[in-house]
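Residue numbers (my numbering), protein chains in the order written: chain A, 1 to 305; chain B, 1 to 305.
One copy or any two copies: either way a pair holds, since identical chains are not told apart in the list.
Using 27 Å as the maximum straight-line C-alpha spacing, the simulated DSSO-like pairs for lysine-lysine come out as follows:
(1) LYS226 - LYS278
(2) LYS33 - LYS278
(3) LYS179 - LYS73
(4) LYS154 - LYS13
(5) LYS29 - LYS280
(6) LYS33 - LYS280
(7) LYS226 - LYS33
(8) LYS179 - LYS302
(9) LYS179 - LYS278
(10) LYS73 - LYS13
(11) LYS154 - LYS226
Honestly, the hints are just simulated from the structure, not real lab data.
Number of protein chains: 2
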Amino acid sequence: MIIMPQIETQAVKNYLLDLQDRICIAVEKVESKQQFIQDQWEREAGGGGRSRILTDGEVFEQAGINFSHVYGKQLPASATAQRPELAGCQFQAMGVSLVIHPRNPYVPTSHANVRFFIAEKPNQEPVWWFGGGFDLTPYYPYEQDVRDWHQAAKNICQPYGDDVHPRFKAWCDEYFYLKHRNEPRGVGGLFFDDLNQWGFESSFSFMQAVGNGYLSAYLPIVEQRKNIDFGECERDFQLYRRGRYVEFNLLYDRGTLFGLQSGGRTESILMSLPPLVKWKYNWQPEPDSPEAELYEKYLTPKDWV
Amino acid sequence: MIIMPQIETQAVKNYLLDLQDRICIAVEKVESKQQFIQDQWEREAGGGGRSRILTDGEVFEQAGINFSHVYGKQLPASATAQRPELAGCQFQAMGVSLVIHPRNPYVPTSHANVRFFIAEKPNQEPVWWFGGGFDLTPYYPYEQDVRDWHQAAKNICQPYGDDVHPRFKAWCDEYFYLKHRNEPRGVGGLFFDDLNQWGFESSFSFMQAVGNGYLSAYLPIVEQRKNIDFGECERDFQLYRRGRYVEFNLLYDRGTLFGLQSGGRTESILMSLPPLVKWKYNWQPEPDSPEAELYEKYLTPKDWV
Chain A
1 MIIMPQIETQ AVKNYLLDLQ DRICIAVEKV ESKQQFIQDQ WEREAGGGGR SRILTDGEVF
61 EQAGINFSHV YGKQLPASAT AQRPELAGCQ FQAMGVSLVI HPRNPYVPTS HANVRFFIAE
121 KPNQEPVWWF GGGFDLTPYY PYEQDVRDWH QAAKNICQPY GDDVHPRFKA WCDEYFYLKH
181 RNEPRGVGGL FFDDLNQWGF ESSFSFMQAV GNGYLSAYLP IVEQRKNIDF GECERDFQLY
241 RRGRYVEFNL LYDRGTLFGL QSGGRTESIL MSLPPLVKWK YNWQPEPDSP EAELYEKYLT
301 PKDWV
Chain B
1 MIIMPQIETQ AVKNYLLDLQ DRICIAVEKV ESKQQFIQDQ WEREAGGGGR SRILTDGEVF
61 EQAGINFSHV YGKQLPASAT AQRPELAGCQ FQAMGVSLVI HPRNPYVPTS HANVRFFIAE
121 KPNQEPVWWF GGGFDLTPYY PYEQDVRDWH QAAKNICQPY GDDVHPRFKA WCDEYFYLKH
181 RNEPRGVGGL FFDDLNQWGF ESSFSFMQAV GNGYLSAYLP IVEQRKNIDF GECERDFQLY
241 RRGRYVEFNL LYDRGTLFGL QSGGRTESIL MSLPPLVKWK YNWQPEPDSP EAELYEKYLT
301 PKDWV
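Isolated chain A, as found in the complex (with noise of 0.2 Å):
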């Protein structure tokens, strides 16, 4: 493990800062009605960040879209379930985490995130790691969106070892993994954690890639469906499983857990929730229905490329 010079820390908030631009302008050129509203704001505890949504769009119901960078004394319990060892420090998180719930069922809601940390204990040297990652959750897929997703994701992930796009890819379906339906959130895509040990250049260089592929990756499922017609029906699915989201990210999301228990901005970090969400008492879908094919061709883990 080695200090981290100021200036690193700098290149990495200089980098999710522009990444958050370049989506935010990304989004505007599709959708046509709404552009995004900006909120600065600062944390008590320490540090703020720069939260930007556009509601009500004709293609993007919403999109949120933050930027963070929190400091503190105690690194929440959240964050420290798989490493008891730095309970206590000091910490530092940078981010972009962004939601984007479209209005058209047949356009797949996306997620992704990449992460920064660095955790301080005195007299001793600090410890980093990035982590990051963005999975799709679609109500009506198309089968070429779903492998052209993960297609994305291999090449973004080859380049750093043949091991490195199974291991994340993997740890994607299993961190999006609603238990107590049995089911996973969406089709995955990737996610990683804790990620130094290919050093700081290599590991800051991954977690670009899997930033800037996020945006090439899902714009053009966009564009594809986002005027294929639809009707009541479709709408009401999609309302309903939005309702999955809202169980995943209050019952089990990391990074959600993290900024609530953190003392984090409450709005910001629930702009990931969906703007209409219904539930409905025990729901199946009809046998050979298209949503009994989300449930039983794409809400099971598998090899798409």
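With chain A fixed as given, assemble chain B onto it according to the hints.
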């Protein structure tokens, strides 16, 4: 602590089953359009339940009334957080739990729960306790309703000592609190747990008083407010505020987390979630509006009687 004879356990179970019946009958009397459907279920790890749900009614948009009796080899974390000495105990848990989401925003949402736990370790006498309570979550409250609700709670507690109502009212305010919002869930009521120090007879009779008292406190409010005219603005605010209900239940509610962690029946546990919900980024009520009054006058714990 005394060993629970089988006959006492059966008496509690009989009471709970009858309570569920009586509540369903009373709710159906007020509801004009829909009736309860029932699902009887068994739990793989032991026990089962009887879930009843009424959906899409004229008065009640959703009413979920659960009876369950489950047992298992290990009390889950959510049940032993306050009682680490019971970790790893065999347990039995039985209870009635209900949430009623009315359609009219002038009628508050209400929740009630009564429960009985027995935990056992080899070669030790079993530990038993009662828990429960009820609380009210209005959108457009009437002061008289809130006063009547708390008066009913006080009347239930009075025979058990002068300190009981203040303690269990404060416990309710403390329990139904959204830390990340710095906001109570509603106007409170009663909450108690770990009740055994009064002995079995009194503890059981108090639990019955709470179960029986819930309906007589809630139904008059429903009757009086269910026909008040409302528009899109009131409906919208109701859907928005329902988001807080979801946040509380998935982030904090011990019953929900106990159920999900102990391998309970997900559909029955999540019957508490509202059928339709909105989230809006950084929404704030207009100054001096009825919505602002909810926050300023009601969502702040106070003595109502």
